[in-house]
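Protein chains in written order, with this note's numbering: chain A, 1 to 307; chain B, 308 to 555; chain C, 556 to 903.
Warning: the hint list may mix true and false statements.
Unchecked claim - Where chain A lies over chain C, by a calculated footprint (3+ residues, C-beta under 8 Å):
#1 593-601
#2 611-617
#3 695-704
#4 834-842
#5 849-861
Unchecked claim - Some chain B residues near chain C, calculated using beta-carbon distances under 8 Å:
#6 F322
#7 M402
#8 R427
#9 H446
Stated by the list, open to error - Restraint ranges, calculated between C-beta atoms of paired labels, are given here:
#10 B:G417 - A:E272: 45 to 55 Å
#11 B:R321 - C:L685: 54 to 64 Å
#12 C:L883 - A:S4: 52 to 62 Å
Hints are computed from structural coordinates only; laboratory data are not their basis. Keep in mind it's a predicted model, so treat the numbers as computed, not measured. Glycine included, C-beta positions come from ideal geometry on N, C-alpha and C.
Here's the letter readout for the chains.
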Amino acid sequence: MDFSLFVVQLLNGLQLGILLFLLASGLTLTFGIMDFVNLAHGSFYMVGAFICATLTFATGSFIWGVLLAIPLVAVVGLATEWIVIRNLYPRDHLDHVLATFGLILVFDTLVQIVWGPAGIVVPLPAWLDGQVTLPGDIVFPTFRLMIICAGLLIAGGLYYLVNHTRLGMLIRAGASNRTMVGALGIDIKTLFSGVFALGAVLAGIAGMLISPITEASIGMGNEIIITAFVVIIIGGIGSMKGAFAAALLIGLIDTMGRSFLDDIFKIVMSSEAAETAAPAISAMLIYILMAVILAVRPQGLFPPKVR
Amino acid sequence: MTEPLLRVQGLQKRFGGVHATDDVNLNVIPSETHAIIGPNGAGKTTLISQLSGQILPDAGKILFDNRDITRLPAYQRAHVGIARSFQITSLFMDMTVQDNVALAVQAHQGHSFRLWRPARSDDHLRAPALEPLKTVGLHERADWTVSELSHGERRQLEMAMALAVAPKLMLLDEPMAGMGHEESMQMVDTLKSLGDQTILLIEHDMDAVFALADRISVLVYGRIVATGTPEEIRSNDEVRRAYLGEAA
Amino acid sequence: MTEQIAPKEQSAQSEANTAARRSRRLPPSTLIMAAGLLFLAIVPPLAYFTGNEFWLSIFTRLTILSIAAVSLNLVLGYGGLVSFGHAAFLGLGAYAVGIPVHHAINGEFESIATTNGLFHIPMAVGVCALYALITGAISLRTRGVHFIMITMAFGQMVFFAIVSIETYGGDDGLTIYERSSLPAISLDNPLTLYAVCFVSLLLALYLVHRIVNSRFGMVIRAAKGNEERIRALGFNAYAYRLLAYVISGSMCGYAGALLGNFTTFISPEMMDWTRSGELMFMVILGGAGSLFGPVLGASVFLLLEEVMSDFTIYWHLPFGIMLILAVLFVRGGISGFADRLLGAKRDD
């Protein structure tokens, strides 16, 4: 196995993991605090990508596109929470699932009406579009490296927010004891709106960051959201720490599986059989991992202490 | 003395720093009605839940019929002959009264992996389901949906479901909770009419306890401070101080 | 999921309810079912003979999706298990037809290469039963949201697995060049195919009716409302639910085999998780836990799809809004609504 290829794929896996964490953290926050299941979380990922695309073309700069798109995604998140989501908090999970499924259809169609059916490729500035050479003669795309750094910074910020601020204290208190937060005289409605918008923004940022690599396309959120679900199931629903660990784990395993599983299979079977079996198995790898972890720990790796 | 039906030895359960059950030793003799009393928060329901398997203890042993059932899951304890009623009524709300009891009868008749014959026209279920309803005086309500019953009637239904499985031991968690005086007295009569049925009972209503119990154990902060006949308990100083004194 | 309703104080009302129940009047939902099935028995063949073959194909799709929805209703409606992965069963069932036919025509894998429907159908049912057994055994260890997400994830696992297998077309899908051959009848005749689907729907309804009213069904339904109590009574809720899940999955796999024969083109897209969402929509819209509700839900779904997609290419928008409004404002689905309208309790 080629060592530098191995490191490159390791970094690619890390980059996927970071994106998954941005998505999963919002999911796990809304579930942990509001006990709310949001299938439409991936829609903010998509909306973020499209808004960022438009603003990148308008301002001529990807960086400005991202910075201006963030508040707009927050507004979309707040509006969604205000019109639909807050009416659903008292309902059961089945209702959450059905209504947010409807929300996905609404978002997908609205995006199609506004931006048209085709995807949009977001151009990168020259200084981000190249490659960097890392120690050990490892060549890696600059932008992907930036995604990793930006993602780690955001993860650090979230860690600080949750563990060292008053808002974070409320979030932690809310996750473990909903009635207590109410008893403290906190305006629950505002807290919930804020947390929901925060989750939307995090998902939106993930969408913005991926749009130059893939493209902004309709339904882009619907596929990755399931992977984000797998992340929070493995991590333990409601746990930030779990979401982070599981996101990196899934990102790495998925990427490494797709790259190297056929090589591993070739050791034990004919190369023809390996080339047929490896893609199927690697596509199923994270789900198999989920099944194994659940069989041992039904509540995930880091279940929140009090539910 | 006869061999006890239920033996609890050194049972321990902690929630965080709180000893909900602290080294509890307890014997229940066949045919007796054994009451557990104690102030609120003494850990009575926690104790019952460990006996019926909803909660697993941290340490100690539960022997039933000379068999160690400490780690047995709840659904298997029902099969060895323990039935429980719940303090907060736990019924199948959108089914009828008779359906509820019929489910208990079904459970008693072995597995229910029978997928074809309609259960609601099965005489092997319906008739035995009516018997316990008659015992508790609820047979006229057999076709009612549980959600239509009054609180007292739901308590009676709880009792009927526990009876339906002909258990060796009935665990009753505050069967009179929330009942008026008249309903309580009716329940006392019902329980008395069960005769040889072995019962372990948690109850707040002291009139009912002293009318029913052959023996009483007093639970305070997770510990059993005294066990004896109603007379012994009445005259026990420690009990008066710890419990009756407060209540009076 | 079942909420406790405060006891009604007015005994007069209770007496009235009891009286209504005693009279053994057929509940409106039974009448609706009779009317609906009569309609499905008469109108589609009529449409065919009057030259509207297009409508016959719509009804064929309706009966097939209805079978899938009825199977989902067994676990979702009666068992309270929110399975978000049932489209995977549909897909597996369809590929259980597509793959043997593919090999029968293109060679390789002699052992499964056949166009014989008497092989396809047991294959579809068997594969789905096995898949349901394995995934159910893991998913059913969890509750609530976990269960929803895990069933969803397993569904997606099958989706990606099929996508990655180039031999069977991967993303592009697989054309079934020959329908399942059955003794005495030919599925190439659209009317015969419809008849097979319609009879299958009748059988599925009857099967679910028998199951939910059996001892087994009573346990499943009771566990939906109060799982702790069903355990305290001595039932191993897990085992009962697992069997229900396997039955439901197998039935849905059978519907998938029909679907493959109907469309003759299958692709992973048919098991995308949004397809599972649509199946759930049918069950809930029609009335979860009522026998015929899923068929009503499937009818409304197809009607909306046909009508709205004629009207606008953006038909998902009104559809999504309706779904949200339905969740927020309509309870008990169409069956529940009809029963309330006609003033009777649902009891089947």
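* To do: Using the beta carbons of G417 (chain B) and E272 (chain A), state whether their distance is inside 45 to 55 Å or not.
  => holds, 53 Å
* Asked: Is the interface hint for H446 (chain B) satisfied, with its Cβ closer than 8 Å to some Cβ of chain C?
  -> violated, 14 Å
* Hint says 54 to 64 Å; check whether the CB-CB distance for R321 (chain B) and L685 (chain C) agrees. => violated, 44 Å
* Hint check: is the beta carbon of R427 (chain B) less than 8 Å from a beta carbon of chain C? -> holds, 6 Å
* To do: Count residues of the region 593-601 of chain C with a Cβ under 8 Å from any Cβ of chain A, then say if the count reaches three.
  => Per the Cβ count (0), the hint is violated.
* Identify whether the interface hint at F322 (chain B) stands, where standing means a beta carbon of chain C within less than 8 Å of its own. => violated, 18 Å
* Asked: Does M402 (chain B) pass the interface hint, meaning its C-beta sits closer than 8 Å to a C-beta of chain C?
  -> The hint holds - M402 (chain B) has a Cβ within 8 Å of chain C, the shortest such distance being about 7 Å.
* Coverage assertion for the region 834-842 of chain C with respect to chain A, Cβ distance below 8 Å, three residues required -> holds (count 3)
* State whether the coverage of the region 695-704 of chain C by chain A holds or is violated, taking the criterion as 3 or more residues with Cβ-Cβ distances under 8 Å. => Three-residue rule met by the region 695-704 of chain C, so holds; n is 7.
* To do: Closer than 8 Å, Cβ to Cβ, for at least three residues: run that test on the region 611-617 of chain C against chain A and report holds or violated.
  => Violated - the region 611-617 of chain C has 0 residues with a Cβ nearer than 8 Å to chain A, which falls short of three.
* Establish whether the coverage given for the region 849-861 of chain C by chain A is satisfied; the threshold is a Cβ-Cβ distance below 8 Å, and no fewer than three residues must meet it. => violated (count 0)
* To do: Hint says 52 to 62 Å; check whether the CB-CB distance for L883 (chain C) and S4 (chain A) agrees.
  => 55 Å Cβ-Cβ, so the 52 to 62 Å window holds.
Checked against the numbered hints given earlier, the structure breaks hints 1, 2, 5, 6, 9 and 11 and satisfies all the rest.
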